[in-house]
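Visitor: Residue numbers (our numbering), protein chains in the order written: chain A, 1 to 155; chain B, 1 to 287; chain C, 1 to 383.
There may be inaccurate statements among the hints.
Claimed, not checked - Below, in silico cross-link-like pairs of lysine to any residue (SDA-like), each with a Cα-Cα straight-line distance of 20 Å or less:
#, chain 1, residue 1, chain 2, residue 2
1, A, Lys-117, A, Ala-98
2, C, Lys-251, B, Ala-279
3, B, Lys-27, C, Gly-107
As the list claims (entries may be wrong) - From the structure, some residues in chain A lie toward chain B, with a derived Cβ separation under 10 Å:
#, residue
4, Val-14
5, Ser-61
6, Leu-145
Simulated from the structure, these hints should not be mistaken for laboratory data. Ideal Cβ placement from N, Cα and C applies to all residues, glycine included.
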Amino acid sequence: METHSLESVIRQHVFFDGLEDRYVRFVASCAKNASFQANEQIFREGEPADNFYFIREGLVSVELTIPQRGPKTVQTVREGDVLGWSWLTPPFLWHFDARALQRTRALVFDGTCLRAKCEEDHDLGYEILKRFTSVVTERLDATRLQLLDLYGTHA
Amino acid sequence: MAHMPERAVGTEASDPMVPLLYRIEGKKRETHDTFTLDLRPKNGSRSVLFEPGQFNMLYVFGVGEVPISISGNAAAFPALQHTTRVVGAVTKAMSLLEPGDTVGVRGPFGSHWPVAEMTGCDFVIIAGGIGLAPLRPVLYSLIRERAKYRRIILLYGTRRPEDILYRRELEKWRSKFDLEIQVTVDQGSSRWKGNVGVVTTLIGRCAFEPAHSVALLCGPEVMMRFALMELQKRGVPPEQTFLSMERNMKCAIGFCGHCQFGPMFICKDGPVFRFDRIAPVFGKAEI
Amino acid sequence: MSKDCFQIGDCAVVEREHFDSLFEALKARGYEVVGPTVREGAIAYDRVSCATDLPCGWTDEQEGGKYRLKRRPDEALFGYAVGPHSWKKFYFPSVQRLYKAELNADGFRITPEPEDTKKYAFIGVRACELRAISIQDKVFTGGPYVDPVYKSRRSHLFIVAVNCAVAGGTCFCASMGTGPKASAGYDLALTEIIDNGRHGFLVEVGSKGGAEILGEIPSRPAAGEEKLAADRIVEETSRHMGRSMDASDLKELLYRNYEHPRWDDVANRCLTCANCTMVCPTCFCTTVEDVTDLTGEHAERWRSWDSCFTMDFSYIHGGSIRATAKSRYRQWMTHKLATWIDQFGESGCVGCGRCITWCPVGIDITEEVRAIRASDPAAGGTP
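Next up, chain A with everything else stripped away, as it sits in the complex (with noise of 0.2 Å):
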């Protein structure tokens, strides 16, 4: 039942458009709903990275503790958007920490598993990889922009 819901969750979300039905179902089969409160760590650099995420509703702060300065947000990610990419690339560890800003809605996908199955099957090593790309490319590309700091002035 919960796996039905889940699935059709999944086929809406922009990102699994066009996968093939089977796939649609072993994905949908790794997945289940997360929730997280304010403040709540959702994972920590460093730890083994064997999740990724589907944020449904909220804000997650993507960030770093430095020393001396605390926790700083490299970037948020909201509705809509995936958070997470370490669990596709040895060592699979996470590089960052990620914290619910507000009270956060997720769906969260069995990496481990979804790993094994690309590992057998190439073909949806390829599709998935191919999404994850994208998802990449946006946020370096975004993170370009931040680095370029457009806004200060640069006399």
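Take the given structure of chain A and dock chains B and C to it, following the hints.
Guide: Just chains B and C now, kept in the frame of chain A:
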């Protein structure tokens, strides 16, 4: 729905290079480098009602003149409001003026944002940094006749939380009028619990209907370039996308030649442009 | 001949020995007469009060980056092309005060300039220059804003044009369609005829004012063969142009070649010295400057000629939009030949050749166009 921003002919003086005198009635420090002046015409200075998106040339005695967008409510005519960022000698001198002081005003000049003709549309307003100032008069106009328009969405990005302009007003608008306002900063702070990241990331998942939307953009050119890409991905037609451009200006009346951008004079063909009209030269390096 | 005799389009002949009466007639009406005169090895425009002030018996040799005066075998008054000055310096002053301001108890007050009263008569305006004047008319009086000094000086201007008998080494008015025959915009147009010891001017009337002035000068009717002689002179001139410009489709050619490698090539040569913009009769860019006296209580705002070749020209907070020499040269040339057409309905170039002559390194605008055309695939060139 094709619309050409119109040119309103400003300045009543017989010599369009001679300013009229205005008095500073109020001054507010918005951020560490940005301030707002409230101006009112002195006796004998006739003023022309402005359209949102237009600008004035403001003259500081003995220092010089700068083009500053009008950032206030057209309904407060003949009072004028200008939000200015300190970037050079004239703006620095202007920031040191106080209520009671006199400034010279020439204008209003330039084309304006399309508002009245866009009834029934979704408005997607994308502002970066000081770019919110020339867009603020649009928001006043939209709010004044709220029922005529559908969704009104403001996406505003700036450098840090302490650089956010018109913070109280944004809060008020968000709560009282049916507007969606998303604010984001490039660099967060420990107290900031909102969006961190460039404003272009807010466009993709924003709820508006591209075919019936009008997009208004104002901010650093690079930000506008990337915002345009996102709008294009969403399917907002170039004929329904408007940007405000900026170039060096010395006269504001099409004589000095400084503000040329391809074949356009920013002072009289702009500063507000319908995107398809400038698409051939927009984004080309050193044009 | 009485004043009522001449109509627009009429011709007459004025002999050389009566030429000074033209100056007298103009001075009597309060005109400040300016025209070509030899100054420091060039033919410049300045006050002239009689025929001998003109460059009698002089001609010029012009090439890319080269200008020399040479003696002619005759005493022609107008036997040369154009020099470094253009007429714009008279009706569009290179330096002009816009207003004065002074501090007072209530802040400050502004005193605009008094109405301009200059009344010029130009002697010796070439066809290319007539076109340049009408082009600048569009800039300064053809839009929603009008420059009051320009308007006033133009409305009081009396123009005596000259049909060129000498094609300059860098001239290309023929291919730009702006000359060498003066066809419009003058009060009187002269063609100098020197033939078998005779020296006279065929004068054509272009306006009522011109008719009146001509009526005050000794003249006689023009013989048919004199009119033919004048036509032949102009035709000869048009066949001897030093340069030519293929102006067909020039706007589209330049619009699609913003990234052509030729721009890098010219950038290696261009010194961004701005000479071309200073000598060009249509360039109109200006800048403003605010000055105060030592007390700081009196301020003035001045306007002066500027050039798109300067680094400052496109400066906005933090830097210049056009920082490279390449971008500035490209801006000048595409404005002159392409964007000007979209802005004002015609080309900004009149083919006078000054930019070629006065460029220290001899950059030739006709050559640059040729080079771009030659390797523009869309125009049939090989890439």
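Visitor: Hints first: check each against the structure and report whether it holds.
Guide: So, going through the hints one by one against the coordinates:
Taken as a hint, the A:Lys-117 and A:Ala-98 pair is broken in the structure, with Cα atoms around 26 Å apart against an allowance of 20 Å. For a cut-off of 20 Å, the pair hint linking C:Lys-251 to B:Ala-279 stands: about 17 Å separates their Cα positions. Using a Cα cut-off of 20 Å, the hinted pair B:Lys-27 and C:Gly-107 holds, with the two alpha carbons roughly 17 Å apart. Using the Cβ-Cβ criterion of 10 Å, the hint placing A:Val-14 at the interface with chain B is satisfied: the shortest such distance is roughly 9 Å.
With its C-beta approaching chain B no nearer than about 7 Å, A:Ser-61 sits inside the 10 Å limit, and its interface hint holds. Interface restraint check for A:Leu-145: the shortest CB-CB distance to chain B comes to about 4 Å, inside 10 Å, so the restraint holds.
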